[in-house]
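Student: One line per chain: the protein sequences are A and B, in this order. The first sequence stops at residue 416 when you use the UniProt record's numbering, and every number in between is there. The second sequence stops at residue 268 when you use the UniProt record's numbering, and every number in between is there.
Take the hints with a grain of salt, since some may be wrong.
Claimed, not checked - Taking lysine-lysine and the DSSO-like style, the derived pairs with C-alpha atoms no more than 27 Å apart in a straight line are: (1) A:K219 <-> A:K30; (2) A:K279 <-> A:K215; (3) A:K219 <-> A:K146; (4) A:K35 <-> A:K279; (5) B:K10 <-> A:K279; (6) A:K31 <-> A:K146; (7) B:K85 <-> A:K279; (8) B:K76 <-> B:K10; (9) B:K10 <-> B:K84; (10) B:K10 <-> A:K146; (11) B:K227 <-> B:K76; (12) A:K146 <-> B:K76.
Calculated directly from the structure, the hints in this document are not laboratory data.
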Amino acid sequence: MTNEANQMTPRLDRADARVRHDAGLAGAFKKFTDKVRSGDLGMLPVIVGLLLISAVFTTLNPVFLAPNNLVNLLFDAAAVGLIALGVVCVLLLGEIDLSIGSMSGLSSAIIGVLWVKSGVPLAVAILAVLANGALIGFLYGFLRNKFEMPSFVATLAGLLALLGMQLYILGPTGSINLPFTSPLVRFGQILIMPAYLSYLVAILPGVLIMIGAVKTNAKRTAANLSAESLSVAIVKAALLTIGLVFAVYYLELGRGVPWMFGGFVLLVVILNYGLTRTKWGRSMFAVGGNAEAARRSGINVFRIRMSAFVVCSVLASLGGVFAAARLASASQQAGTGDVNLNAIAAAVIGGTSLFGGRGSAWSALLGVIVIMAISNGLTLLNLSSSLRYMITGAVLAIAVIVDSLARRSRASHGRA
Amino acid sequence: MTTQSNTPSKGELILRLHGIGKQFGAVTALEDIELDVHAGEVVALVGDNGAGKSTLVKVLAGVHQPTSGSIEYLGKPVSLDTPKKALEMGIATVFQDLALCENLDVVANLFLGHEVNPWRMDEVQMEVRAWTLLQELAARIPSVREPIASLSGGQRQTVAIARSLLLDPHIIMLDEPTAALGVAQSAEVLNLIERVRDRGHGVILISHNMEDVRAVADRIVVLRLGKNNGVFTSDTSHQDLVAAITGASENSVSRRAARKQQDAEAVQ
Ligand SMILES: Nc1ncnc2c1ncn2[C@@H]1O[C@H](COP(=O)(O)OP(=O)(O)O)[C@@H](O)[C@H]1O
Ligand SMILES: [Mg+2]
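Use the sequences and the hints to build the structure in full.
Tutor: In structure tokens, the structure reads:
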């Protein structure tokens, strides 16, 4: 039936005879290699990196791959991952937020002071933290829009100011312990998703991919557009499901999948939807690619920028709450040290470009797993933090070099 | 999607500029510009490089704010303070620099700012509409799912033109739309301009190609050094147009033409 229609009138998108249309699995593979060759690396570097890191650390210390070590790794990853997720938003616009560490530190301090010291209900304290984050993000957006203040300057100032606020509200004692039996700390240290739920969640993406592919194909055929062969979707879904189910199975050999990590992944999925399927996301990429063109298309560039800074600061604040939950304390050290760099590195390593207009929410998830794997592996080797800092710094440098080289290659292949 | 008021009838005055001036610091790019555009009319805007044509287009597109003067649209005084406002009123523009986002694909660029279903974009519907628009322009675009960066200059120009048609505007402004196009495509764009005019829209066309201009324009407005320098009809001779554009009947173009004629006569 469809074949007949095919022969009578070519599909709308198949009218040009010059273009090779790769069909089926082999075609998809060819498309992928073409893309990689032209510098559109996508998730490839991070997956290669992750395999390499796992191999190296496991040979140095087999504990690295033990299920419970990986569970701990996921517990640790959630807070920095959330912060990295926000960083993705500002990087997409070609902006940066250097104050995310301080923002998260201040947030954990506010939780400590409001909730533990002043007895404010936890939910209210968290809302206050998020509102505070939104306010700071709004301020950055305002400075960028109204005074054209480069975001790295504004947020560098913010880094110091927010750190000052954190120290100020913590006062001379400097550290507030969160009650160990409280739901927040249990969330950060103990609570694990039930096994059946973890498996369900592991199967879900594959199912959604299949449903989506079938639906899209039906819609495209009805609209006289070519439809991609289902075999590609099937292989994708199958590989993903096998990978995820195995991961859950392996983690269930230990304690299981932390709720905290599940919450982080949920936010990644939500942001991914926002970035890829909504007008807001499209506008984010447009502003990151060519702000003036976006403005001339009728996009309110100021509002998009504002939204990116607000999302970034709010996610950094939530990351601060997660970090406080994880450490069961709000201290002067929270958010300092390598938090800033880890979050930015995670976003870049995951494949979000520092130059704007290119990236995805998934890069925060993949990137933070790489960063946390390195940090976890180095801790297992009993290396001092000085060495850890140096190695993490080197990894970030490599990620940025890969980003720059890929960008140059895209430019020379006409896909900048 | 847009908040356009009722379509103006043929011959009705859509747009009137009065005393428009634009200053860039010390540079006066436009001074005291007068311009009328009617429904179903093609107005060609010609002038030498730096005459202020693009600046005038950008003022009308809401990209630049005029330093002085007033704009009347469908009989009402308006201020075009953002590109969004101009688009919503039905003024669409193909900019000289095209203003496309290279990191986005053709479909995304066509619908930028006007996506179908803001909270759940309908990619299939957008892609179908994209192909239809491009076919109307007889465009040779291999794939609408490739980033703009991978297209040739002419293909990009076609995408920019297609984008301006998307919202079914009252007025469409084309700033040197055929500069990067091949022979067939240029002819297609001229056909398109006529089709748009026949649909009752107003067209402002900027071009350095006097043949094209004379072929489609109902009126030819000449700008020189940021000022009006006469309004002509399409049967004005090439020489008179060049004289208005360069500001003198005695100039390098006319001298060259005269020399050629002399040579021809000498040979005879
Ligand atoms: N953004 C700007 N800033 C300063 N000067 C400008 C700007 N845009 C245009 N100009 C000046 O305005 C004059 C007219 O330019 P333009 O409108 O681009 O000319 P045309 O399109 O007719 O070739 C030129 O002298 C140019 O240098
Ligand atoms: Mg120009």
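Student: If a hint holds in the structure, say so; if it doesn't, say that too.
Tutor: Okay, the hints, checked on the actual structure:
1. Our distance criterion of 27 Å between C-alpha atoms is met by K219 (chain A) and K30 (chain A), whose separation comes to about 25 Å.
2. The hinted pair formed by K279 (chain A) and K215 (chain A) meets the criterion: a straight-line CA distance of about 21 Å does not exceed 27 Å.
3. A C-alpha spacing of about 44 Å is found between K219 (chain A) and K146 (chain A), which places the hinted pair above 27 Å, so the restraint is violated.
4. Only pairs whose Cα atoms come within 27 Å are accepted, and K35 (chain A) paired with K279 (chain A) is accepted, the gap being roughly 26 Å.
5. For the proposed pair K10 (chain B) and K279 (chain A), the alpha carbon gap of about 35 Å is over 27 Å, so the pair is violated.
6. Distance hint between K31 (chain A) and K146 (chain A) is unfulfilled; the C-alpha atoms sit about 44 Å from each other, more than 27 Å.
7. Proximity of K85 (chain B) to K279 (chain A) is assessed by CA-CA distance (about 18 Å); at most 27 Å being required, the pair is judged to hold.
8. A threshold of 27 Å between alpha carbons decides the hint, and for K76 (chain B) with K10 (chain B) the separation of about 18 Å falls inside it, so the pair holds.
9. A distance of roughly 26 Å separates the Cα atoms of K10 (chain B) and K84 (chain B); the hinted pair therefore holds under the 27 Å criterion.
10. Of the pairs offered as hints, the one joining K10 (chain B) and K146 (chain A) is violated, with about 43 Å between alpha carbons and a cut-off of 27 Å exceeded.
11. The hinted pair formed by K227 (chain B) and K76 (chain B) meets the criterion: a straight-line CA distance of about 24 Å does not exceed 27 Å.
12. Restraint check for K146 (chain A) and K76 (chain B): the C-alpha separation of about 31 Å exceeds 27 Å, so the hint is violated.
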